[in-house]
Amino acid sequence: MKSGSNLERILESGQFAVTAECGPPKGPAPAVVKRKGDLLKFCCDALNVTDNQTAIVRMSSMSGCVLLKEVGVEPVLQMVVRDRNRLALQGDLIGAAALGIRNVLCLSGDHQRFGNHPTAKGVYDIDSIQFLQMVKTMRDEHQFINGEEFSGDTPFFIGAAANPFADPFQFRVTRLAKKVKAGADFIQTQGIFDIAKFVEWMTMVRDRGLDEKTHILAGLIPIKSVGMARYMRNNVSGLSVPQAIVERMGDAKDPKEEGVQICLETIEQLKEVEGIHGVHIMAVAWEDIVPRIVEEAGLMPRPMV
Amino acid sequence: MITLEQKKFEDIEKMTKGCGRLLVLGCETCAAMSLAGGKKQAEALAAAIGMARKMSGDKSEVLYDAVARQCEPEFIDLTEKEVAQCDGVLSLACGAGVQLLAERFPDKVILPGCNTTFLGVTEKLGVWSERCAGCGDCILDKTAGLCPIARCSKQLLNGPCGGSMDGKCEISKEVDCVWQLIIDRLTKLNRLEMLEEIFPVKDWSPAGHGGPRKMVREDLES
Numbered sequence: 001m002k003s004g005s006n007l008e009r010i011l012e013s014g015q016f017a018v019t020a021e022c023g024p025p026k027g028p029a030p031a032v033v034k035r036k037g038d039l040l041k042f043c044c045d046a047l048n049v050t051d052n053q054t055a056i057v058r059m060s061s062m063s064g065c066v067l068l069k070e071v072g073v074e075p076v077l078q079m080v081v082r083d084r085n086r087l088a089l090q091g092d093l094i095g096a097a098a099l100g101i102r103n104v105l106c107l108s109g110d111h112q113r114f115g116n117h118p119t120a121k122g123v124y125d126i127d128s129i130q131f132l133q134m135v136k137t138m139r140d141e142h143q144f145i146n147g148e149e150f151s152g153d154t155p156f157f158i159g160a161a162a163n164p165f166a167d168p169f170q171f172r173v174t175r176l177a178k179k180v181k182a183g184a185d186f187i188q189t190q191g192i193f194d195i196a197k198f199v200e201w202m203t204m205v206r207d208r209g210l211d212e213k214t215h216i217l218a219g220l221i222p223i224k225s226v227g228m229a230r231y232m233r234n235n236v237s238g239l240s241v242p243q244a245i246v247e248r249m250g251d252a253k254d255p256k257e258e259g260v261q262i263c264l265e266t267i268e269q270l271k272e273v274e275g276i277h278g279v280h281i282m283a284v285a286w287e288d289i290v291p292r293i294v295e296e297a298g299l300m301p302r303p304m305v
Numbered sequence: 001m002i003t004l005e006q007k008k009f010e011d012i013e014k015m016t017k018g019c020g021r022l023l024v025l026g027c028e029t030c031a032a033m034s035l036a037g038g039k040k041q042a043e044a045l046a047a048a049i050g051m052a053r054k055m056s057g058d059k060s061e062v063l064y065d066a067v068a069r070q071c072e073p074e075f076i077d078l079t080e081k082e083v084a085q086c087d088g089v090l091s092l093a094c095g096a097g098v099q100l101l102a103e104r105f106p107d108k109v110i111l112p113g114c115n116t117t118f119l120g121v122t123e124k125l126g127v128w129s130e131r132c133a134g135c136g137d138c139i140l141d142k143t144a145g146l147c148p149i150a151r152c153s154k155q156l157l158n159g160p161c162g163g164s165m166d167g168k169c170e171i172s173k174e175v176d177c178v179w180q181l182i183i184d185r186l187t188k189l190n191r192l193e194m195l196e197e198i199f200p201v202k203d204w205s206p207a208g209h210g211g212p213r214k215m216v217r218e219d220l221e222s
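The listed protein sequences correspond, in order, to chains A and B. The working numbering applies: residue 1 is where the first sequence begins, and numbers increase by one. The working numbering applies: residue 1 is where the second sequence begins, and numbers increase by one.
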């Protein structure tokens, strides 16, 4: 075991994993995080705490992770290179290890232009692939990025994101291969609506044997309304929402129910895709729906390993 | 070239108000190429400032001239007599030119008439775009002659990020994704395998993050 985290144990034992996203509040209320933790703890193996998601300032991911641990939930610490240079990233990684955080997801981060501080200076000292390499070197070599050794263990289960729906399509698998080479133990993908494209991407992933070198968790975004479907199709870069989904949501008498059904159908289709080792549910501002989705997708109870 | 754009006239008017006899000094290299601060633009701007002053009852004179390059002391020295007769100079050069003037004439008010925008190229008349970030350690050999430091919004060295769509950057449909361009070019050159390797972490110290930069060529120093 690299980290001994619950997520790692489940994936390494060959079982289908379930993770979800837990967005921290735009203020210091610990109850908000703890409530989400209590709500999701029995239906998920670990919860991702987002890091100033969409470049909007929120409670730090690290604090959110600690609060989740207090209610007995295993966190995944999301970290973006947009806001921290190599010193801050490494300092935070040591701190996370000290606090018992065992999963980390290494990301570029949405550009600051999209958030609530569009005039901020983006750091981008290193990129997400270099970040993965850095975490792996710290874990396996006990060395900082400058080659200097440190004492003590930073046993992280290292995660990365992959977006099969961004361009150029053919190169997306190469980029995944680079992330795996850099140290990604697990992958959480962008939300999947375009199953055909995802299946095509997975074929290319298997052709390069990448599904055997990393655990791929397929991303899901439950949609609440036709407005949300349209918004994601038109405004969220790197997301592909087929017209058929938008129309289905538009025609639905009960859009929320339709969104749940779309999500459940997607999970059923994903279960059939070779090389998928779990799902990652990103129910932005709709965490309440996650227990039902996990239950009805036949993924309960969660394994104890 | 270094690209420049002239500041808004109302800002220039405000900045030059009450500074007495003024010399608008153009720069005939980059500033002229940018059609922002050459001799022609200096003449037009001096006339406009003069007119505005007249309207507000300020009778102090506004002169204009230009030198080949305000970034070289030899050319600055050519303006010595003219500057001596003025109270202030509005330089239409880049920030480097403005500062060399200020160094050379410590008792004069020196003002910037332009914003220095970037290191770029002329795409066509009236359109310039950024190409180089002056990072001090050129990597164009590894990126198919297209610079991700200057042209990727996140300065990724292992791009493209998940926001690349239809060849465009996530920040705007007006901005090309330079990583798409790099991949297209390497595909054409049959060298795409270059991108399989992980690009190492960059040393940003020659990019200005190691403090103000200076070059010394001992073989040329007198």
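Wrong hints could be hidden among the right ones.
Calculated cross-link-like contacts (lysine-lysine; reagent style DSS-like; alpha-carbon spacing at most 27 Å) [what the hints assert, rightly or not]: (1) B:Lys39 with B:Lys17; (2) A:Lys121 with B:Lys202; (3) A:Lys34 with A:Lys256; (4) B:Lys17 with A:Lys136; (5) B:Lys173 with A:Lys197; (6) A:Lys181 with B:Lys202; (7) B:Lys214 with B:Lys173; (8) A:Lys256 with A:Lys26; (9) B:Lys188 with B:Lys214; (10) A:Lys181 with B:Lys188; (11) B:Lys168 with A:Lys197.
Note that these hints are calculated values from the structure, not bench results. Only a predicted model underlies this, so the values are computations on that prediction, with no experimental measurement involved.
Status of the hints after comparison with the structure:
| no. | hint | in the structure |
| --- | --- | --- |
| 1 | B:Lys39 with B:Lys17 | holds, 22 Å |
| 2 | A:Lys121 with B:Lys202 | holds, 18 Å |
| 3 | A:Lys34 with A:Lys256 | holds, 25 Å |
| 4 | B:Lys17 with A:Lys136 | violated, 60 Å |
| 5 | B:Lys173 with A:Lys197 | holds, 23 Å |
| 6 | A:Lys181 with B:Lys202 | holds, 19 Å |
| 7 | B:Lys214 with B:Lys173 | violated, 38 Å |
| 8 | A:Lys256 with A:Lys26 | holds, 25 Å |
| 9 | B:Lys188 with B:Lys214 | violated, 39 Å |
| 10 | A:Lys181 with B:Lys188 | holds, 26 Å |
| 11 | B:Lys168 with A:Lys197 | holds, 20 Å |
Violated hints, listed in ascending order, are 4, 7, 9; each of the other numbered hints is respected by the structure.
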